[in-house]
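Asks: Protein sequence lines, in the order shown, are assigned to chains A and B.
So the first sequence is residues 1 to 668, counted in this note's numbering.
So the second sequence is residues 669 to 1336, counted in this note's numbering.
Any given hint could be a false lead.
[As the list claims (entries may be wrong)] Mimicking DSSO-like on lysine-lysine, the simulated pairs with C-alpha atoms at most 30 Å apart in a straight line are:
hint	chain 1	residue 1	chain 2	residue 2
1	B	K1037	B	K729
2	A	K346	B	K729
3	B	K1015	A	K113
4	A	K112	B	K925
Please keep in mind that the hints were generated in silico from the structure rather than gathered at the bench.
Single-letter residue listing:
Protein chains: 2
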Amino acid sequence: MGKASIRDEDSRTRVVIEGVKPEIDGGRFPIKRTVGEKVIVEADVLADGHEALSCVLLYRKEGAPQWTEVPMEPLVNDRWRGEFTVTDLGRYRYTFQAWVDPFQSWRRNLKKKLDAEQDVSVELAVGVELVREAARRASGDDKKRLQSAVATLTRRGNPARKLRLALDEGLATLVGLYSDRRFATTYHRELAVVVDRDRARFSTWYEMFPRSCAPEADHHGTFRDCEERLAYVAAMGFDVLYLAPIHPVGHTHRKGKNGSPAAGPQDPGSPWAIGSEEGGHKAVNPLLGTLEDFRRLVHKAREHDIEIALDVSFQCSPDHPYVREHPEWFRWRPDGTLQYAENPPKKYEDIYPFDFETEDWQGLWEELKSIVLFWIEQGVRIFRVDNPHTKPFAFWEWLIEEVKRDYPDVIFLSEAFTRPKIMYRLAKLGFSQSYTYFAWRNTKWELTQYFTELTQTDVREYFRPNLWPNTPDILTEYLQSRGRPAFMTRLVLAATLGASYGIYGPAFELCEDRLRERGSEEYLDAEKYEIKQWELDRPDSLKDFIARVNRIRKENPALQSDWSLSFHQVDNEQLICYSKGTEDLRNVIIVVVNLDPHYTQSGWADLDLDKLGVDSHQSYQMHDLLTGARYLWQGRRNYVELNPQVVPAHIFRLRRRVHREQDFKYYA
Amino acid sequence: MGKASIRDEDSRTRVVIEGVKPEIDGGRFPIKRTVGEKVIVEADVLADGHEALSCVLLYRKEGAPQWTEVPMEPLVNDRWRGEFTVTDLGRYRYTFQAWVDPFQSWRRNLKKKLDAEQDVSVELAVGVELVREAARRASGDDKKRLQSAVATLTRRGNPARKLRLALDEGLATLVGLYSDRRFATTYHRELAVVVDRDRARFSTWYEMFPRSCAPEADHHGTFRDCEERLAYVAAMGFDVLYLAPIHPVGHTHRKGKNGSPAAGPQDPGSPWAIGSEEGGHKAVNPLLGTLEDFRRLVHKAREHDIEIALDVSFQCSPDHPYVREHPEWFRWRPDGTLQYAENPPKKYEDIYPFDFETEDWQGLWEELKSIVLFWIEQGVRIFRVDNPHTKPFAFWEWLIEEVKRDYPDVIFLSEAFTRPKIMYRLAKLGFSQSYTYFAWRNTKWELTQYFTELTQTDVREYFRPNLWPNTPDILTEYLQSRGRPAFMTRLVLAATLGASYGIYGPAFELCEDRLRERGSEEYLDAEKYEIKQWELDRPDSLKDFIARVNRIRKENPALQSDWSLSFHQVDNEQLICYSKGTEDLRNVIIVVVNLDPHYTQSGWADLDLDKLGVDSHQSYQMHDLLTGARYLWQGRRNYVELNPQVVPAHIFRLRRRVHREQDFKYYA
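Modelling step: build the complete structure from the supplied sequences, incorporating the hints.
Replies: Right, here's the structure in full:
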C-alpha cells in the first residue's frame, strides 16, 4: 500500500501525488479517447515545507520503450495540470513524477533577499553548488554551458553580472533539465487510455432487418436486396448500418406474429433465436444468401461510406448446434430439459442462455471469442452486443481486450438497458459505446440532468452514449400517437445531444407508432416476428429531414463530440436550449427544441455568452441550418418561438460579427 | 489490477464490489473512530443477470485470527449498507464478500410463478437440489434440519405443505448460512480503522506558559507553580492542559521582547528555541524544576481529570546538544555555518531545522521517535506537534504508527496552519486531531461552508478538527479591539461547533487584545518572548462564562461529537443557527450566535424540525443553558434576539413535550 517503512525504502522522497484526474476507480479501468484527442490530466502535488516543486507528466504508447515527458503547470491550491495528444490507435499509459526542486527554491529566495537588500554572498555560493551538480549530471553542450555558468559565478568581482546570471531564466531552464531526481516521487499507478478511431466518438446508426428489404411483398429479403437499400440509407447520411441477426433461426418453440407462442408455417421467427440445423453464430441464414453475399454487402456498403455492424447475441435457439455439441455449456433442469430464458412469469422458450458457471467456462469463452473473430475476418469492425448485462463482467473485459489487442479499430456497442451502475460498469470494462436512457428522458429537467451527468462528470471518460429514440423493442410513450412532430423532436434531440445516435428504420422515418397494447412499448405486428414491406417513398417520410440533420452533423465539428455540451436557460419548460462548440469556439451550434409535439411554444432564451465566445456588446447572427433562416440577436436574452407542426427545432450555427478591412460588417 | 485473465484465475466470480464508502484514497489511509463508535459502510454490489445477491461485511481487530461477518442490507440502486461497532483501542480491518445466491433467486422466482399460477413441479425439484447442497455444507443441528427439509420436500403428496416449506423464511435463512461461496467475490482491499479513546473526539484544551505561573512578578514560574494553577484550569472545565515547550532554551541568537533580534540578559527567549548546554528535547528547563517535578505535575493534573499535553517541536537552538553530536542532521552552508530557519526575508537565527534529506535520515527518525517515547514514559499521552508540515509526510506516518502500535491511547494534534490539502494529508497520515482555519472564519457564510466541509464530507472520516479562537501567535482581527463580546462569541462558536476546542490562556479569558502592529496578528509584548504575570481574578475575566460553557459541553453528549452538525436558516446574516444531536435525538442542542460584537441583532430562525425530531404540530421548549431561560416555541419559524453586551449566544437544549399518565404537560 505504499506505506512508509524505515527499513525497506528510502523515505527521503518527500513529494506526494494524489487526487489524480482522470483516474477511473483507482486506475482499475482505462479512460477512452479517439485518435487526435487530448488527454488533460490534473493532480495534487504536495510536499512538506515551502520549497518549490517540479512535476512532469509521463506518457507512452503501450509497448513503447520510452516515456515522453511533459512539464506540468501549477494551477491553484496545489493542483497541477498537463496534457498530451493521443495519435495512434491502441493503448497508452500515463503517470507522473514530481520532486522538490532546490534550484527553483533557491532562485525564488534569492530574489526575495535581494528585494530586502540583504547580503547574499553565502546564498550565491549555495547556488553555484547547485549549478555545479547539474553540470555533473549533464552532458554535451549543456554540460559546457553549465560549467561556463559556474565559472562566471565563481569569478572574482562584477557582482551585478553574477546576480543577473544567477536569476537568468535560461539558466533556470537549463538547470531544470538536469534536476536532482534521486528523491523524486513517481506516481504509484500507470493509468491507461484506450484510443479508438473517430467513429467510436461520432457515428450515425441505422438499424434494419435485412429480411424486410425485398422489393416485393411476402418475399424474404436477401443481402442482395440490402445492397439496393444502401443508397437510400446513405442518402439519409448514416454511416453505420446495423443488421438484426443474420444467422439461421431456430424452429423449436419459434414465436409467431406478435410474439405468440405458436408460430405458423410462414412465420420467420425472431432472428435473435439463433441457430438451427443450418448452423449457428458463424453461419448466415440461407434465406438471406451466402457468406460470400454478406462479404459483398460489406464491400458495397463501404463504397457508400457505410460500415455494416453486426449483432452479437450470445444465446441459442434449441436447435443451435452448440446444444448438441456442448450440452455442458447450458443449464439442465432436474427433469432433463434445458433451462430456457425467463423473467418470471414470462418465458422465452425459443432461447437458451449459456451457463457461464459451467465447468468448461474457458472453452465457452474461447468459442464465443472465435465468433467475433470470424466476423472480423469477414470484414466487420463494429458489433452491437445484445444484453451484455446478462453475461459475466469478467468475460466482456477479457473478450474486448483480447479482440482489440489485434484489432484496435473494432467498436463494441453495449445494448444494456438495465440499472445505471451496471451500464457504467460495462462501459468501464471496455465497450466503446453504450445505449442510454435517452428513450425515456423527455422533459427539460430529465434531459438536462441526464446529459449533464453523461457529459460533465467522470462518466464521460469511459461511457460514450449512443442515443436511440426507438428500437425494434421500444416504441416510447412519447412517440405514441403524437405523429410526425414527436419523431422530429426526438430525432433532433438524439442527433444533437449525442455525437453518436441511431434509429430503427424504416419504422422511424415512416413514423411507425402503432402499439400492440396500451401501456406497453411494443409495436403492433413487430418486425421482430414478421417480414415487413415498408413504403419508403411515402410523402410524409422523414427521410429528407433526417438527411438534413445528418448533413448538419457532418458539416459541424461541434456536433461530433459530447464534452462541450452546455445548457442555457429558457423561461418556458417546454423549450430546451443547449450548445456545443469546438475547443477554439470557431464552430458553435446552439439548439432550441420544442418538447411539446402539439402546440407552438415561445419564450426567452438566456444564453451564456461567455461560454459561446460572444462579446455581449456585439450583435451576432443565428443561422438556422434546418430552415436557412438568419436571425440577428443581441445580448443574452432573445425571443424564440417554435411551431411543432412546421419544424419543432432550431439548429443554429452561431456567426459572430467580424470587421473586414473595408469596415464592412460580416458574420462568420 | 485484478483484471480478468482466462489463464490464471477462475472467472466464474460474477459479483463486483465497488464504490466503497468510507474508503480514503483507494484504501491508502485508515478512517478514524473512537471506542464505541459505529462504522457504517456502503458499497455498490453488482452482477450480471437478474439473480439475487448476498453480501456480508467482514471486520476484525487487527491481529485477530477470525473475521466477524455481518449481513449487508440492500438500499436502492445496487447500494448496500452494513455496520459494526469498534470496541477496542487500536486498529480494525474491514472488507466485503458477495455472491450470487441461487436459493434466494429460486425462491423469488417460485413466488412469481405461483402468483401466475404456473406449474412449478420442476421448479420444486430445482429447489430441493439447492437445499440438499446446503445440507452437504452444513453440520450439526443445521445439517439435520436441512436434511429433514429435503425429506419433506421430496415426500409424495401434500403439495401445499411442500410449497409452504419451500417459501418459509426460516428455511431461507438456514440455507443462506450455508450458501455456495465457491464463486464469491472478496473485495480486493482490506480497509483500516484507527480506534482512539474518547478524548481524541471530545476534548477541551487550555494552552499555558508554565514560566508565567509564578505567584510573584518577575519570577520564573515552575512546575510547582503549575500545580497551584490546576484548580483554576479545572474549575473552567478544561481536560487537556497543553504546556508551551518545557525544555532548556538556547542562548545563541536568543530573541528578546517582541521578538527583537538582541535579547537582554533577563530575557527568557522563545521556548521553541529548544536546547542548550543543559540538554535538549529530553531535558526540562532547570528554571521550571526537575523531571521529577514534571512527573508530579502530570500526576496532580490527573487528580483534576486534566491531562498534560506536551509540545513536540522538532527543531533546535544553536546550543542544542544535537548540533554538536550530530552535525550531519543539519544543513551546512558553503561558509561553514549552519542553515537557520527562514522565510525570506524573515530570519529565525535562534532556530535550526533538521535536514530530513540527511544521509543518516534513519538515525534522525529513530532519535526523534525516542523523544516521543521518552515523554510517554514520563506519563504523557497527548502531544501537540508544532509545524508538522515542515517535516516529511513519510516521517509522520511512520512515527505515529510506530508509537501507536505500543501506545494506542496516544493522541497527536497537528499544528499545521498551511494549505488545505496539506492539512488534510497530515490528518490522513495519522494525526488524531488537527488545527483548522476556524480562527479566520467569521461570517455566517464562511462558518457554514467550512464546517459543512469538515463534518458532512469524507473529510470527517480522517480529520478531527480542534478549534482555537486564539493562540500565542494568533490574535485574530475579529478579537482585536472589540472587547469581551467578541471573545464570548468566538468561545461559544469554538465550543459548540467543535467537539474539541482550545484557548490560549490566561490571555483568552482576560480578553487580551493588545496588538503589536496594525495589520498583524501578533500580540504586543507576546508571552512567547517574556514572562507574564496574569491578573486571574480580574472582575471582567471570562472564567465563569467559560466554566458554564464547558459544563454544558460535559452534560450534553450532542456537543461531544461533530458529525451531527446541521445549519438552520436565520433571516439575518449576523445571526447563525445550528444544531447537534445524539443519534437517538434524545439530546439535541440548538445554538444561536450573534456574530456582530457591537449591536443587538434579531431575526427569525427557521428550524428543520424533522432533523430535530420535533413534531411540527406540538410546541417545544427551548431551554437556554447559558442563562437558564426557557422559551416556548411552536413550528419552524421563531423569533430570536441577542444583545452582545449581555450574552451573544443562546445554547438551547431542546425539550419536547411528553404526556404523562396524569396528562400533565411536561418537557423532557
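Asks: Determine which of the earlier numbered hints do not hold for this structure and return their numbers in increasing order.
Replies: 2
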